[in-house]
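Colleague: Use the sequences and the hints to build the structure in full.
For the record, the sequence lines run as chains A and B. Each residue of the first sequence is one higher than the last, beginning at 283 in the working numbering. Each residue of the second sequence is one higher than the last, beginning at 11 in the working numbering.
Hint data in this document are derived by calculation from the structure and do not stem from the laboratory. Nothing here was measured: the structure is a model prediction, and the numbers come from that model. In this text, a Cβ means the ideal position worked out from N, Cα and C, and glycines have one as well. Hints are supplied without guarantee of correctness; some may be wrong.
[Unchecked claim] Derived list of chain A stretches under chain B, where covered just means 3 residues or more per stretch with a C-beta under 8 Å from a C-beta of chain B:
1. 346 to 360
2. 367 to 376
3. 386 to 398
4. 461 to 468
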Amino acid sequence: MIELRGVTKSVPSGTGTLTILHPLDLIIRHGTVAAVTGPSGSGKSTLLGLVAGLDAPTAGTILIDGIDITSLGEDALAGLRGTRIGFVFQFFHLLPSLTAYENVLVPMEIAGARDGATRASALLAEVGLTDRSHHYPSQLSGGEQQRVAIARALANDPPLLLADEPTGNLDTATGHTIIELLLNINRSRNTTLVLVTHDPELAARADISIALRDGRVVETRTVSRKPADDVAAADVEAKEGVG
Amino acid sequence: MRFVVRMTVRELRASWRRLVFFFVCVAIGVGAIVALRSVIQSVRGELVREARAMIASDVIVSTNRSWDPDVRRQIEERLAQPSVLDRTEAIETATMVRAAGRGVARMVELRGVQAAFPFYGQIELEGGLPYSHDLLRDRGAIARPELLAQLGIKQGDALLIGGQPFTVRAVLSKEPGRRTGAFTFGSRVFVDHADLQRSGLLAFGSRASYQLLLRVEPAGVESLTRTLRRDFGDRFVNARSYRSTEDNISEDMARAENYLSLVGFVIVVLGGIGVWSVTRVFVKQKIRSIAILKCLGATTRQVLATYVAQVLLLGLTGSALGIGLAAIALRAIPDSMTSALGGQALALTGSAVMQGLAVGLLVSLLFSLVPLLEVRRVRPLLLLRGGDPSIVTVPPFAFAQWRDRVRAIDWLQVSAAVVVSAALVGIASWQAASVRVGLIVCGGFAGVALLLLGAGALMVRAVRPLARTRIFALRHAVLGLRRPGNQTRVVLLAVGLGTFFVLGVRALQSNLLDEFSLELDRGGADMFLIDIQQDQVERVRAFLADRIAPGSAPARLIPVLRARVTGVRGREVNLDNFQDVRGRGSLAREYVITYRDHLEANETVIDGEFWSGQGVQPRAAPELQVSIERSIHERFSIGVGDLMRFDVLGRVVQARVTSVRDVEWEDSRNGGFMFVFRPGPLSAAPHTYIGLVRAPDAPTARAAMQHDLVESFPNISAIDVRDVVASVQGIVENVTLAISIVGGIALFGGVLILIGAVAMTKFQRVYEAAILRTLGASTKTLSAMLAGEYTTLGLLAGAIGAAGALVLSWAVCRYVFEIDWRPAPLLLIGGALVTMVLVAVIGVIASADVLRKKPLATLRAE
Numbered sequence: 283m284i285e286l287r288g289v290t291k292s293v294p295s296g297t298g299t300l301t302i303l304h305p306l307d308l309i310i311r312h313g314t315v316a317a318v319t320g321p322s323g324s325g326k327s328t329l330l331g332l333v334a335g336l337d338a339p340t341a342g343t344i345l346i347d348g349i350d351i352t353s354l355g356e357d358a359l360a361g362l363r364g365t366r367i368g369f370v371f372q373f374f375h376l377l378p379s380l381t382a383y384e385n386v387l388v389p390m391e392i393a394g395a396r397d398g399a400t401r402a403s404a405l406l407a408e409v410g411l412t413d414r415s416h417h418y419p420s421q422l423s424g425g426e427q428q429r430v431a432i433a434r435a436l437a438n439d440p441p442l443l444l445a446d447e448p449t450g451n452l453d454t455a456t457g458h459t460i461i462e463l464l465l466n467i468n469r470s471r472n473t474t475l476v477l478v479t480h481d482p483e484l485a486a487r488a489d490i491s492i493a494l495r496d497g498r499v500v501e502t503r504t505v506s507r508k509p510a511d512d513v514a515a516a517d518v519e520a521k522e523g524v525g
Numbered sequence: 011m012r013f014v015v016r017m018t019v020r021e022l023r024a025s026w027r028r029l030v031f032f033f034v035c036v037a038i039g040v041g042a043i044v045a046l047r048s049v050i051q052s053v054r055g056e057l058v059r060e061a062r063a064m065i066a067s068d069v070i071v072s073t074n075r076s077w078d079p080d081v082r083r084q085i086e087e088r089l090a091q092p093s094v095l096d097r098t099e100a101i102e103t104a105t106m107v108r109a110a111g112r113g114v115a116r117m118v119e120l121r122g123v124q125a126a127f128p129f130y131g132q133i134e135l136e137g138g139l140p141y142s143h144d145l146l147r148d149r150g151a152i153a154r155p156e157l158l159a160q161l162g163i164k165q166g167d168a169l170l171i172g173g174q175p176f177t178v179r180a181v182l183s184k185e186p187g188r189r190t191g192a193f194t195f196g197s198r199v200f201v202d203h204a205d206l207q208r209s210g211l212l213a214f215g216s217r218a219s220y221q222l223l224l225r226v227e228p229a230g231v232e233s234l235t236r237t238l239r240r241d242f243g244d245r246f247v248n249a250r251s252y253r254s255t256e257d258n259i260s261e262d263m264a265r266a267e268n269y270l271s272l273v274g275f276v277i278v279v280l281g282g283i284g285v286w287s288v289t290r291v292f293v294k295q296k297i298r299s300i301a302i303l304k305c306l307g308a309t310t311r312q313v314l315a316t317y318v319a320q321v322l323l324l325g326l327t328g329s330a331l332g333i334g335l336a337a338i339a340l341r342a343i344p345d346s347m348t349s350a351l352g353g354q355a356l357a358l359t360g361s362a363v364m365q366g367l368a369v370g371l372l373v374s375l376l377f378s379l380v381p382l383l384e385v386r387r388v389r390p391l392l393l394l395r396g397g398d399p400s401i402v403t404v405p406p407f408a409f410a411q412w413r414d415r416v417r418a419i420d421w422l423q424v425s426a427a428v429v430v431s432a433a434l435v436g437i438a439s440w441q442a443a444s445v446r447v448g449l450i451v452c453g454g455f456a457g458v459a460l461l462l463l464g465a466g467a468l469m470v471r472a473v474r475p476l477a478r479t480r481i482f483a484l485r486h487a488v489l490g491l492r493r494p495g496n497q498t499r500v501v502l503l504a505v506g507l508g509t510f511f512v513l514g515v516r517a518l519q520s521n522l523l524d525e526f527s528l529e530l531d532r533g534g535a536d537m538f539l540i541d542i543q544q545d546q547v548e549r550v551r552a553f554l555a556d557r558i559a560p561g562s563a564p565a566r567l568i569p570v571l572r573a574r575v576t577g578v579r580g581r582e583v584n585l586d587n588f589q590d591v592r593g594r595g596s597l598a599r600e601y602v603i604t605y606r607d608h609l610e611a612n613e614t615v616i617d618g619e620f621w622s623g624q625g626v627q628p629r630a631a632p633e634l635q636v637s638i639e640r641s642i643h644e645r646f647s648i649g650v651g652d653l654m655r656f657d658v659l660g661r662v663v664q665a666r667v668t669s670v671r672d673v674e675w676e677d678s679r680n681g682g683f684m685f686v687f688r689p690g691p692l693s694a695a696p697h698t699y700i701g702l703v704r705a706p707d708a709p710t711a712r713a714a715m716q717h718d719l720v721e722s723f724p725n726i727s728a729i730d731v732r733d734v735v736a737s738v739q740g741i742v743e744n745v746t747l748a749i750s751i752v753g754g755i756a757l758f759g760g761v762l763i764l765i766g767a768v769a770m771t772k773f774q775r776v777y778e779a780a781i782l783r784t785l786g787a788s789t790k791t792l793s794a795m796l797a798g799e800y801t802t803l804g805l806l807a808g809a810i811g812a813a814g815a816l817v818l819s820w821a822v823c824r825y826v827f828e829i830d831w832r833p834a835p836l837l838l839i840g841g842a843l844v845t846m847v848l849v850a851v852i853g854v855i856a857s858a859d860v861l862r863k864k865p866l867a868t869l870r871a872e
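Modeller: What follows is the structure, given as structure tokens:
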């Protein structure tokens, strides 16, 4: 479960301070698909970065499965990301000097997993890239690169998958494939999936949709999409202007 | 750990081509250190093994005046002990020899030896003839083949020594301890000791070394040498053992080894700058990968370890390559040079290899550490942001931001830089075996580097207005020099330093050689006559009168005596006896003194009064009058009015200092003397004369003059300054060549750094070129831009190097050699232009990719 309590983010700008996220409370239960939408500069990616521990909030606390990540140091955060969080970027961000297979293998090596080789092959098979496993990123198409990135994000079987505009850099058809892949993963592995997206179709398919504008939540919507017995109900509270 | 190892291997697999310059930079420096150390260690080993053969005995006791009977008797008493097993005598002197009836006379180093010579080592003769003293008995001689060739005689012919015929009975191929290459007055000729004594060459005051060679029980060598030195040191007798010779050689060689290794170290540091720049750009290019790894859960320590491991592997590879290069270099040294160094095979020595390896690894690690620490600052958050993370834009300077800048300083990086600097001083001190030298070298290097960097920054600023030119290619060429992440300063530093080395040494050489040839052209004396006896003066003067160069000044014959200061009673110093004088260093050396009633043109009195026009001093005067040179006054605080005591060939005389002279040593063709006495009492003492003559220019006339001189006055030796200049020129050329090779290696290192810098920044250029092409730039325009950028860079580096060389040659001429300085403008301008062309050509060739790559592929990849 992800829990944000009074989280804000400001950065110094010129003479004053620019608030990117206004105080925000948010709970996303385990297994949920949450979509964060909003125009450019609304604070979507900042929110995702905070949840991933890639950045620290100016105020407030963020709990991932009960662990307060705002109190963790850089290396502890790295450890948490390695085992509990998978991240998929808009620009894929594969390591250019490594093959697809090795890219998938890296997180398991960092975590010291023993069955890395088999798992990496299995994950590449799962995303349909067995025959491309020894290609370098520069030899893969955008869609293929993103599938490698998804396989990499799943390497340590994290309970939480974060995706920053995963289809933003792909054509519509390839984008569809990627969306299906992510939703399938959510279903089959019961992974919490938090997506930042501009795509209304994708947002519509999420369990909850959070719309941001100028760093404030302007709308939250809960969509019932599956039999309720195996999916925890999403419970979103967004309060504006607290404190 | 497994992750670190695997990532290191994978990263190297992908980027070794880009890092190839990293290990080439290390390899050149390590190669230089290993090769230089190995050569010297091999030579030292050989020389130490030969130490006993070099002095042909265990202990050698010598004096440069004929044995004083009293001293000799006392020495004999000391030698009458059981540890002295055997003894033999020898005399060495430089003199003229000629072939009977032929025109040429040559100076040789003559050695008269007795039957027991040598106790150690072998005299080797041509044709496999065994050496025996019988070959020398009854006016036999053994001479070097080159002398026989010069004189046009062969084995069995007669050789005139001191006007007396000797028969050349054998040809000398090798004498123990004497090597070809070393400076000598002439080639070696052996004769019998008794024959030499009878030859008339050893007249009063002649320069000769009288030697007593001893074979001593090993246990007694040191104590005997010490006793002799202690008891007879102040009576013109010197004693040394093969062990002290060995120690001297070891010390000299160790010093040479350490200094040469410093040269290697400087090259390694230059390579280190290359390593630093390669690492800096490499880390910048890797920022995204590092962010990804951190995002995937890798800790900073793991990432840092991955890159440090890469650096160590590259350093190791580079060092190994350097050792390989050194091995090849040693094999490439021609045999002629090997024999000049002692004739033994040169091979890599274990200690040189280990030192090279250690220095290579340390320098790689130290120079890459500071840029590698950047890894810590990479935040994975940047992956969520677009744009190029490798370009960090620095906001324009403003006071308000100054505090932020100070806050933004990475203190760990700063402390690492301090530790690295200290470690480099440590390595330099280790290589030079002296902390002081290590500090000086590092300080000097840092100073030069800062100057070059500053000059580079100024020059880049100076060409900045060109960025507003209407010529597209030129504008972009100048902008290219200021591209973010540019290598301009590093390339300027490396190439500038190399140019500076090469041009500086060349400029110095041309100054030195000019000075020598000018001396001769001024019409001054070009032949010195030595050992002219008092009764020969008038005859020699008459002889020279019709033989000197037409139109030149008459020959000057100057009386000379050898003397030693044995005491000073003055206002500032009081030295009661010779022991006290010896405590004042070089004041105790033997001086050549003269007497005359006038000042020479190159002399001026700076204190007191010279006795010009006062006539001679009465012979019975209780104290003589002496004029001292300025350096004696300054170094030993001796001034006008002080009373000095001299030992002039065994006679003690007192002299009052009446004036201090300044001698222009650059213009010392008339001879420069530290002590000049007032004529009178000294004229009566036995002494010899030297002659300063302008000999005819035509070689045949010179040879005829030398020949006739030796025939009429067999005891007089003539030193042809032109021959000396030629041999000095040879030595200067060799030294210049050696330093030029070092400079060449430095320049080569600079060129490699240039290629490396081009390769490292190429990705950015390729991208820019692709965009410019898309916007309509032709290949010609792009080539012009590249050529413009590198030509400017080359010109700046060349100009910096040439300016540095100008300053260096001026400073060395002025303060070290004290000769007139000539700026050698053609050499420097030519050097700067060659550097410009070199950098431009290499830069453009190394950037060929930029012109070749199709823009679409590049833009897609981005």
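Colleague: Please go over all the hints and tell whether each is borne out by the structure.
Modeller: Here's how the hints hold up against the structure:
Only residues whose beta carbon comes within less than 8 Å of a beta carbon in chain B count, and the stretch 346 to 360 of chain A has 3; three or more means the coverage holds. Against chain B, the stretch 367 to 376 of chain A contributes 5 residues with a C-beta closer than 8 Å to a partner C-beta. That satisfies the three-residue criterion, and the hint holds. For the stretch 386 to 398 of chain A, the stated coverage by chain B holds: 6 residues have a C-beta nearer than 8 Å to a C-beta of that chain, and at least 3 were required. Counting residues of the stretch 461 to 468 of chain A whose beta-carbon sits less than 8 Å from any beta-carbon of chain B gives 0, not enough to reach three: the coverage restraint is violated.
In the structure shown, a violation is registered for the earlier hint numbered 4 alone.
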